[in-house]
Structures are given as structure tokens and as C-alpha cells.
Amino acid sequence: MGYNGLFQLPDELVLTTLAQAFPSREPQIRALATLVHPSAAPCRNLVLYGTKSTGKSAITAAVLAALENDDIDIDDNGSPGLKFAIVNCVECITGRHLFETVVGKVARALRWDGAPLKCETVSQLTVALSKMLKYTPRPDNFRFVLVFDGIDRQREAPPTLLPALARLSEIIPNITTVFIATSPPAGFLHTPFVSHIHFPNYTKPEFVAILGASPPTPLPNTTQAETTELWARFTAAVHDALARAASRILPSLRHACQALWPRFTAPILAGTHAPREFSKLLVAARVHFRDERLLDPGIVSAARRLQTPPPTQTPTTTTDPSTLTNGTVLPKPPQPTSSAPDLAALLPTTARLLLLAAYLASHNPARHDLTLFSTHHHGRRRRRGGLSVGVSGRSNAGRRSKHRKIARKLLGAHAFILERMLAIFASVRREWDPSGDEQQGMDSDTGMAIATLASLRLLVRVGGAGGAGNSDPMDRGGKWRVNVGWEVVRGLGRSIGVEIEEWLVE
Amino acid sequence: MAEVDETNTLVFQEDDHRTAYIFSPTDSAEHQAAPQNQNARPAKRRRTSKKGANAAEPDHEPQPQPQSDYHGGEADFPALFNGAESLDAVRLRRTTFETAWPVLSGRIQNVLRRANRKTLDEVALFMREAEDEAETAGGKIPAGFIITGPNIASQDLLFEQMAEGLSEATGAKVVRLRSAGAPNLKAVLKKIIRDATSRSADGGDDAEVSIGSDGRKYLNYDLEALHVFLAAHDSRRVIVAFEDSEAFDSGLLTDLIALFHSWHDRIHFSVLFGVATSVDLFQQRLLKATAQQLYGAQFDVVQADSVLESVFMGAVAGSQAALRLGPSLLQSLLERQKDQVAGVHTFISSLKYAYMCHFYANPLSVLLAEERLLTNELLQPQHLEAVRTLDSFKQHVEAAVDARQLSHAQSLLENDEYLVRQVLEQTQKRKDYMTQLLRSLHLITATGLHPGRFTDLYVSALADGIDLSSDVSPVLDSIRRLNPSQIIDLIHRLLAAISKGNPDLDLDGWEDQEESEELRSSLTEITDEVQALLDQSKLSGKPLKSKYSSQSKILRTTVVAQKVQLSHDTATLTEADKAFSTAVDNLTDLLSRFIHVDPIGSLFLHEAWVYDSKSPYRDVFVPRPATTFARALARPHDYLGCACCSKPDGGLACTFPTTSILYHLYLEAGALLNVADLWAAYYTLVGEESELALDERAALVRFYRGLAELRLMGFVKQSKKKADHVAKLKWL
Ligand SMILES: Nc1ncnc2c1ncn2[C@@H]1O[C@H](COP(=O)(O)OP(=O)(O)O)[C@@H](O)[C@H]1O
Ligand SMILES: [Mg+2]
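Protein chains in written order, with UniProt numbering: chain H, 1 to 506; chain P, 1 to 732.
Simulated from the structure, these hints should not be mistaken for lab results.
Just so it is clear, CB atoms sit at the ideal spot from N, CA and C, and this is done for glycine as well.
Misleading hints may appear alongside valid ones.
As the list claims (entries may be wrong) - Residues of chain H placed beyond 12 Å of chain P at every Cβ, according to the derived structure:
#1 A41
#2 T94
#3 H97
#4 A166
#5 T227
#6 I268
Said to hold, decoys possible - Listed next, the in silico EDC-like pairs over lysine to aspartate or glutamate satisfying Cα-Cα at most 20 Å (straight line):
#7 K720/P / E419/H
#8 K280/H / E226/H
#9 K288/P / E292/H
#10 K186/P / E156/H
#11 K500/P / E514/P
#12 K730/P / D475/H
#13 K190/P / D152/H
#14 K217/P / D255/P
#15 K191/P / E91/H
#16 K730/P / D443/H
#17 K717/P / E419/H
#18 K186/P / D433/H
#19 K338/P / E431/H
#20 K730/P / D369/H
#21 K52/H / D255/P
#22 K105/H / D265/P
#23 K217/P / E91/H
#24 K217/P / E120/H
#25 K717/P / D475/H
#26 K190/P / E120/H
#27 K479/H / E514/P
#28 K338/P / D443/H
#29 K728/P / E419/H
#30 K288/P / E156/H
#31 K728/P / E226/H
#32 K721/P / E419/H
#33 K614/P / D443/H
#34 K728/P / D369/H
#35 K720/P / D475/H
#36 K578/P / E525/P
#37 K190/P / E91/H
#38 K186/P / E91/H
#39 K217/P / D113/H
#40 K721/P / D475/H
Chain H extracted, bound-state conformation (with noise of 0.2 Å):
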């Protein structure tokens, strides 16, 4: 059957059995395949929009695939009437990156075996498309369509991008150009008339189709049927759970569903409820649905634990008891660890030292050094206790009433210059850690153990000439930064025996 100029839809089996892949999704299946279709109503410019994991690429390759192989726009030489390449943008690292992409594809897609074309700028990849596409003789009903998925997020892409991808299919009058991105800004391409096709957030009903159609397997002794059932209530009630929360979008929600149901379940293998008994499920499996470690495993995840038999090789890796003890498979989360006592334990005397240096040094404000770390007057360092006496002479209620001030330690640590770290850092050594060696002053050993912390990101370059690269790191007027928060520094500081709380000026 040939192209006979009449408008036709895709055949109708087609689209219901997409329809079918991916519910509640019909009307853009359908409007997509209209649009792109060759003897329907094929436009030049599409823009499909909508936020994440809405479907949008999947049902785009998915229609394209479908239309490819469907065999009514086969013609009279038996080649399909429809070719298309899709290009993800987020894999191209350069404009350029995207332009030999895109050529590879179509190339590809086109089985052409000409010689490889170069393609550096939009003009060389129109030149390349219309040597392709529009030199080459191609059957009346031949269309190609090309798509930018995520061209919103095209790194390195000149400003004129878009634009003249739009006005790619004004040259190549074959072509179809399809834009996927999240949102449209106004005046997208630039030209007059695009179609849109808008990929809305699911809502609950949708939700519960789209993880209706593929339920889990039948637990033992229940029916397909009740499965699916409890399934679908099941995931009714997680989305009402934990939606809002966390799981908006769909992977996500499908990855909570599928971490809680075997807790959820547990009752009915255990025998102790039965399947139709949703309630009391439910309430046995409260603490599961509270539980955010479930579902934000972290990226040292549970599920390691679950399939290695912890005690033959695992013995240094974090091994969890809950394996061990009750040999079943249902993996705890991991346990929050408090990330302190790791810190003080990894890091040598001197870069505490540091540390703790320069944490005071963002936190104190640089009037305060005097009187803080100053041995001249009094023999002994003062500290927070001493000053703030002098300070007030009204009761500590009445002053905490009249201006509340938010504790420095609350609030962002504040740059400070690599000098004066070092001054405090050597007046405190001597106190902090009297075991420590007689020789004062820098020594390579203090400037590694900086640089050394400066590697871990435990103090940051700020500001300055490119802070990174271009300028001296032990350059002593440059500007630094703390980058650790007050419950690591305190635990640090326990660590050596000093409560640094009594170091700061409040």
C-alpha cells in the first residue's frame, strides 16, 4: 500500500497496545503519533515538555519504534516510510559533541555508508543532514524524525542552538524535529508555530494504573487475583504515605513500593494475617512506612549485606547484625554513623590542630584574638568564660532579652586569612597538646598537613584570584574558609580534650 496523499492515522492496534505499555499516557500517544506520523497530520517542530520521569522519553521511543515497524507506510520498495534517531543531550559533552552525534545517528538510523562527514558547527550539520536527507532521493511518504531529548540540558550550547536546530526542518522538508525538555521558556524556538505536547504530573488514580500493570508475583498461597488486588491498595496507600514527602515522581515511588511490600507482606508468609485483612497490615507495617532509611538507603546500600555471607569475607566491611542474627532476607537500612569520631580518629594530631584553628578562626571574630589568645597580660589565656563577665555586668536573662542574637556557631563560618589561622593555631598548640614537639613555627609538617585538609575539602580556598588553581595555595594572606560543622569540630575537639565551646566568642 502506497502513499496516496489521503490523511490516515496510525493503524489503531498499535496504538492501543502502547496505550496499553504505558497507562494513562493515551492522549499523548496519540497526539504524538499524529504528529509525526507520515501520512497523518506530520509537523515540522514538535516540543514535548513535562517535569521528570513523566514518561517523555520512554513513550517517545517507544511510539517511534512502533511507527518504524508498522507495516502500512511500508511502500512499494518494502522500506518503511518512517526512520528516526533520538539523541540524548545530556550525553554530548560539547556542542560539537552533539552535532557528530547526531550525524553518527542518522547515519546510522539511514544505513548510509557514504564517507564519514565532519561536522564542527550547525551550518557544517545541516550541510551533513541535507546531504543525506535531501539529496538523496528518498520516496514521497519518507519522513525522519529527529529527537533532542533533554535539549534543556545540552552543556557548552551557543545561544544560536536552538534557533537553528528549529530551522533544521524548514531546510530538509522531511524532517521532523522533536524537542523533549522539562519546560518551554517563551518564545521557545523562536518561530511561529510549534506544537506542544504537555506530559502532566501523574495524580494518585494514575499512579495506582501505572503501578497497577505490572503487580508482583502471587504470594504463596494466595491467587494472582488477590495479589493484584492487595497490590493495588497497597500502593494506593504508599502513595498516600509518602508522596507529598518524598516519592513524587514515579521510579521512586515504584522503588518505595517495591522496598516496603516484602515487610508489608511478612505478616501473611508469617500466616499471621491474611491477605484480605488490609487494615491490619497496614497497621502492622506503620513503622516500615516512617521509616526514611528504607527508602534513601544512602549509597552504601543495605542490599550488599543481604546476598554476601557476611562472616567469611566480609568481616572489615560494615557487617550488620541483623543478618547475622536472624539469617532472614530482609535487609536493615544501614544505621546513621556519626561521621565525628571517624574524623578524629583518621586525622593526626596536627591537622585536629589545625582544624580546630581555624574553625575558631571562622567562628571568633578577629577583634576577639586579643583577648582570647593573648598570654600578655594575665599569663593565661582568658577564654570565653573570662571575657564574657567583663562583657556584661547585667544579669545573663535580661541580656538574652534584649537582643537576640543567633549563636555564631549556628550561623556560616566566615572567611579568614591563612595568617591568622596560623597565629591562633600557634598559641593554642602549646596548651592543646602539650605532648606535642618543642619546635614552634611552620615546618613542612604543618603546610602538608593544610594542604592535606585542603585535599579533603576541611578547609576550602575562598574568593581571591581563582581560588583554586591560579594563585599560591600557601600564598599567607590568602583567604580560607572552615568547611566542617559544629557537632564534627566539638567531637574533634573531645578527642583531644578541649570543650571548644569554652573557645568561642558567643
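Could you slot chain P with the ligands onto chain H? The hints should help.
What follows is chain P with the ligands alone, placed relative to chain H:
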């Protein structure tokens, strides 16, 4: 021209070992003024001294100067004793060094490699299994977090082994990244593609990468190229190791992980992070979305101090170590490990440096050579003279005099042949000492009753010797408090220790040697005795105790006339208890007799085989440029050695170099220096009225140069706050 070159090498070498230089511009001006005389100073001086003798004579003819330390050829070590040391002795020192160090270095490498093995196996296992697991976890990227500790530099070996091991275990390509070589996304991708494509066994054909199967060229940061390459090699996995992951820009990491994730269906990327602090801190720096793309597991490497301990055992304490490091040097090396960011590799280089210093600069180090090479002829009169100046020689002679061995003392002082014999005999004594030291240490460790680490035990043994009967040692006290069966266990442990030796220390068992005969038989005797007593007490049902055990002093509570009385029960030791007490006493006596070592400093001639000076090591490994600058500027005459500046009171003189004068003025000023004031102060010092009587122009030139130098050294910088002022940068 070769001749001239050689002279230059000579001058260069001489300068190499000097700590201070005197820069005299007039000298070099003279050189420039006479370009036809291309020879350096020594040649010139010789010509004048020899009054125009043949100028073309070879330059390396023995020089009149005492420090002619150049012999050409392979003996690069200088001849010591002011050049009087014989070539044979020099060479022997050198070969001794060259045979001693590689043995140790090989051992150390072994220890280090072994220490990493376990971590490596775990990581390899994880990487092998993670692929499928990560797939089920929703296409996440497997990520290994290796907690390395802050000294990333020392983890080089770990990552090297990891790269080898992982590509073997998983068939993946491994790419190592360091933050310094990874400024941006493009550069990282280039490196990944370059490394992953060229490291394969058939490495030569990386042309295949840039030109795809369809003849297509790829940009060198296009992962498609990698994909094509991997497809051609039938593999899909690439492991990217971020060695110092904290130092990477977190934006870059986010981009990379997103990219890897996006490519996941074509190339299976896995990542490894070397984490210096903790995974939590690291995670805080990643976006939540990025963190969710990772599927990770945490691995710890062997703690740095236990690695240090094993290195120490093999390379410092072990019997293969030719040179002993002295206690004070060791102590400071160990402290540096604890206090500073200095990995075990710093320790190893310090060790090597100690070896180098000893064999390079100590003429007596030749005594460490193999015995068959040490002949009587080798020892020159200078060697003997050197021996006679040693502290340990004096001690030895004094001790001999005290012990009324007068002839021995006299021969040592006067009879060279006698001294040579004595010196050569010390080799055996040294070996005996070492054996005794190591065996004692080994036995103490075997008791398991010594708290603290081996390193500390070793250092204190060198410094103060080992004397179990002294009050400081806790070992005997602990033994006394053991109960009978523990005593038996202890003795079994000791016997096992004697028969097995200690492979970590390269100490063979000495069961079949007659020295151990007495110790072993006495130990066996004591066990038998205790065993018999124990059996008896089991029969009688009375517990066996010694006079030391706490049960012998029972606190008794008795109520007499409604008053509570506490009384110590001391008396009742049965016959068996007494016998047991004697056995314990015998044991402690025996041990304190056999486990006994003198302090290393008390040995005659220890200077020849113990290296214990801290200063060259500190100068090299912990330089303090700031202090050095400050000192040189404050007291330039110490370095210049000129008469004009060294006033007795050490104060400021106008003949000081300009920079130094300015530095003194700088020290007196506040945080901001008015340059005009500084100039005025300076000009009063050196101007027309002063001894120097510089005119204004000359003084101004010097002033500017001095100020520029101060700025170069980082003392001042241009102030933004006030015009015509410079800001003080150094506060200390
Ligand atoms: N209506 C739907 N039915 C089934 N699966 C869906 C649906 N919408 C999205 N998905 C799934 O959600 C995931 C994310 O979709 P994707 O197309 O990548 O989103 P987007 O491109 O909009 O960010 C994919 O695995 C996709 O299959
Ligand atoms: Mg997408």
C-alpha cells in the same frame, strides 16, 4: 671541553654538601671579566701556585685541597678522613649499602602488598557480584568506597594493585583518576577513554578507537568511541577509580555519575572512590539525586598503624636489617607518624635516608661489611684513630680500668694491632647482641603480658635495655598473678615461641641450639612441677594458690558483737601453695635471667652500626623555610662570615645587606608600614651621616631592591587600605 666539564662537576659536588653559601658578586665579576679563563677557581688557583706549569694537565689529578672527594668511576661516595680513606674502604662502604638496602626494600614491598591483599579480594568480590545486584537495584552504578585514611599519597600502591587485580578478576578495564589530572569533564572523559582503550593486551591498535567500524572518527571525549572499542573487544565493563575523591569538584563528580548512569545500557561503568574521611562526609557533598544513582559498599584498608607495625618489624627490628636505628631517631620517626600527615611511605624513605647517611658519611660503617671482606689491611690508622675518639671507646676503656684490666686498657689505647683485633671481634659480639635482643623481645611478646605495641617495646629496649626484674617492667608482676593453669599455658607458649621463632622478625627457632637447652629444660621442669601440684590439688579439692595471688589475701567479714569486722586473711598457705610459690619464683628468676638486654648505647663500638642522629633527617624531611629565612635575615653575619657586621651585641648594623636591615625595621613596625617612613628610617641608617655614607640615589636603589625581596619572600604585600603603605603578611 671535557676537562672543563669535569672541573664543574667537581665544584658542583663540593657545593652540594654545604649548608650555607657565601655569595660574593665581586668574584663572579672577575670571572666574567676574564672569559678566556674558562676554568673554575680551583684550576686558576693551581696555576698560580704552580707558577705557570703545564696548564693542560688533567684536572682530576689529586688536588692539594683536603676535601678532594672525587675519585671518578663508580665510587661516588666521598673518601672520608679528609680524603685519606682508602679506595677499598670507600667501595666497601658503598657495596655494603647497596646490598643492605635492597633486601629491606623488597621485604617492605612484600609487607605492603600483603597488607592490601584482603581489601583487594573484597573489592574484587564486590565488583564481580555487584553487576547483577545493581541491575536489580534499578540500574544503579556499583560503587566501592575504600576508606583509605588521610594520606592518599600512600595509597598509590593500593590502587596500583587494585587496577591489576580488578582487571584480572572482572575482565574490566580499570581507569585510575586523580583530582590533579581531572580539571573538568572533558579532560576526565579523555583520560578514561585513553586509558581504557590502550591498556588492553593488544594495546597497539588504538587507531581503532578514533576510527569506528564504519570508518567513523570520534571525538576523543566521546564515550561512543569507548563503546565501539569495548564492543570490538567483547567486553562492556569499565571501572573508574577516583583515588582522592574528596579533592574532586563535587559538580564534576555529579556530572560524571549522571553521564555514567545515562550510558549504563551500553557501557557498564562501576566506580571506586578512595575516601580519606568517611562515607557520610563524602555523601554530604553529593546531590541526593546523584547519591541515589550509586549502589555502594564500604571497604576499609588495613589501619595505617598496623601496617607501620609490620613494616617496623620487618625492616627496623628484624634480623635482616643491617643497620640499627637508634632509639631517639626511632622515637621521633614514630611520633611523626602519629602527629603529622605522614604515611608509612614517609617512614620508609626516612629509613632509607638513615641508611644513606650512615654509609655515606660514617667511615666506621665499613665495619658492617661481610666478615670475609673485612681484612686487617682495610683498617687504616685513621680508622683506629676514629675508634679511639668514640664515646663508647672511652666508656669501654674506663670500664676496663675500673675492672682492673689494666693491660687490656693500655693495649687498647696504645697497641694498634690489638685494637684491630678487638674491633674485628666486635662483629661477632654485635651479632650475639642482636640475637639476644630479638629473642628477648620475641619471648616477651610471646608471654602476651606486655601491654602496648611492639614498636614501643623495641624502642625502649634499645634505649634502656630490658631488665625484667626492674620495677618498670610489668611482666613479672603479671606472671606472679597468674593461676596455675595459666602458668602452664604461659610456659607452653614460651616453649612454642622458642621452637618456632618469629618469621616477622626473621628470627629462626632456636630449640635445637644448646643455648636454649637450659632455658627449655628448666621451663619443662617447672611445668611438670606445677602440673603435679595442680593434679594434687584437684584430688584434694583445695585450690592451689601462691603467696602472690590475690586469693591468699581474703578480706574476711565477721560479725562480732553486732560489729562488722574486716580482717585480712594472710597466713594459711599450705605446703602445696608454698611449693607453687617457689615454682613461680623460679620461673620469674629464670625469665629475668634469660630475657635480658643491655641498652644499645652501652655497647663498645655501637657507633659503627647504630645510626641515631635526628638533625639531618629533620632538615631533609621537615624543612622549615620560614624560620630559616627569618633567622638568616635577622643574623646575616652568621652566614656571611664577614668581620664588619658581627658586632658583639648582635644589633643592627648599617653594613647588613639591605633586605636584612629592612627586615629589622619591619619587625618593629605595626600591621601597616608606611613606605615613606621606612625609607626615612633606612636612609638615616645608611645615608650620608653614617659609616656607609651612601648617596640618596644609591640608597634608593638598594631600598627598592630590598623591599622587592621582602615582598618576594612573602613578608609584605601592597595594601589596599591605604595608599603608600604595605601590609605586613607574617604575624609570627
Ligand atoms: N505511564 C507510564 N506507564 C509506565 N511506565 C511509565 C509511565 N510513565 C513513565 N514510566 C516509566 O518511568 C520511567 C521514567 O520515564 P522517562 O521516560 O525516563 O521520563 P522522562 O523522560 O519524562 O524524564 C521509565 O522507566 C518509564 O518506563
Ligand atoms: Mg528523559
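The hints, checked one at a time:
no. : hint            : in the structure
1   : A41             : holds (32 Å)
2   : T94             : violated (7 Å)
3   : H97             : violated (6 Å)
4   : A166            : holds (24 Å)
5   : T227            : holds (20 Å)
6   : I268            : holds (22 Å)
7   : K720/P / E419/H : holds (17 Å)
8   : K280/H / E226/H : holds (16 Å)
9   : K288/P / E292/H : holds (14 Å)
10  : K186/P / E156/H : holds (11 Å)
11  : K500/P / E514/P : holds (16 Å)
12  : K730/P / D475/H : holds (10 Å)
13  : K190/P / D152/H : violated (24 Å)
14  : K217/P / D255/P : violated (25 Å)
15  : K191/P / E91/H  : holds (17 Å)
16  : K730/P / D443/H : holds (14 Å)
17  : K717/P / E419/H : holds (13 Å)
18  : K186/P / D433/H : violated (46 Å)
19  : K338/P / E431/H : holds (18 Å)
20  : K730/P / D369/H : holds (16 Å)
21  : K52/H / D255/P  : holds (17 Å)
22  : K105/H / D265/P : holds (17 Å)
23  : K217/P / E91/H  : holds (17 Å)
24  : K217/P / E120/H : holds (13 Å)
25  : K717/P / D475/H : holds (11 Å)
26  : K190/P / E120/H : holds (18 Å)
27  : K479/H / E514/P : violated (70 Å)
28  : K338/P / D443/H : holds (16 Å)
29  : K728/P / E419/H : holds (10 Å)
30  : K288/P / E156/H : violated (24 Å)
31  : K728/P / E226/H : violated (81 Å)
32  : K721/P / E419/H : holds (18 Å)
33  : K614/P / D443/H : holds (15 Å)
34  : K728/P / D369/H : holds (17 Å)
35  : K720/P / D475/H : holds (17 Å)
36  : K578/P / E525/P : holds (17 Å)
37  : K190/P / E91/H  : holds (14 Å)
38  : K186/P / E91/H  : holds (12 Å)
39  : K217/P / D113/H : holds (14 Å)
40  : K721/P / D475/H : holds (19 Å)
Of the hints listed earlier, those the structure fails to meet are numbers 2, 3, 13, 14, 18, 27, 30 and 31, in rising order.
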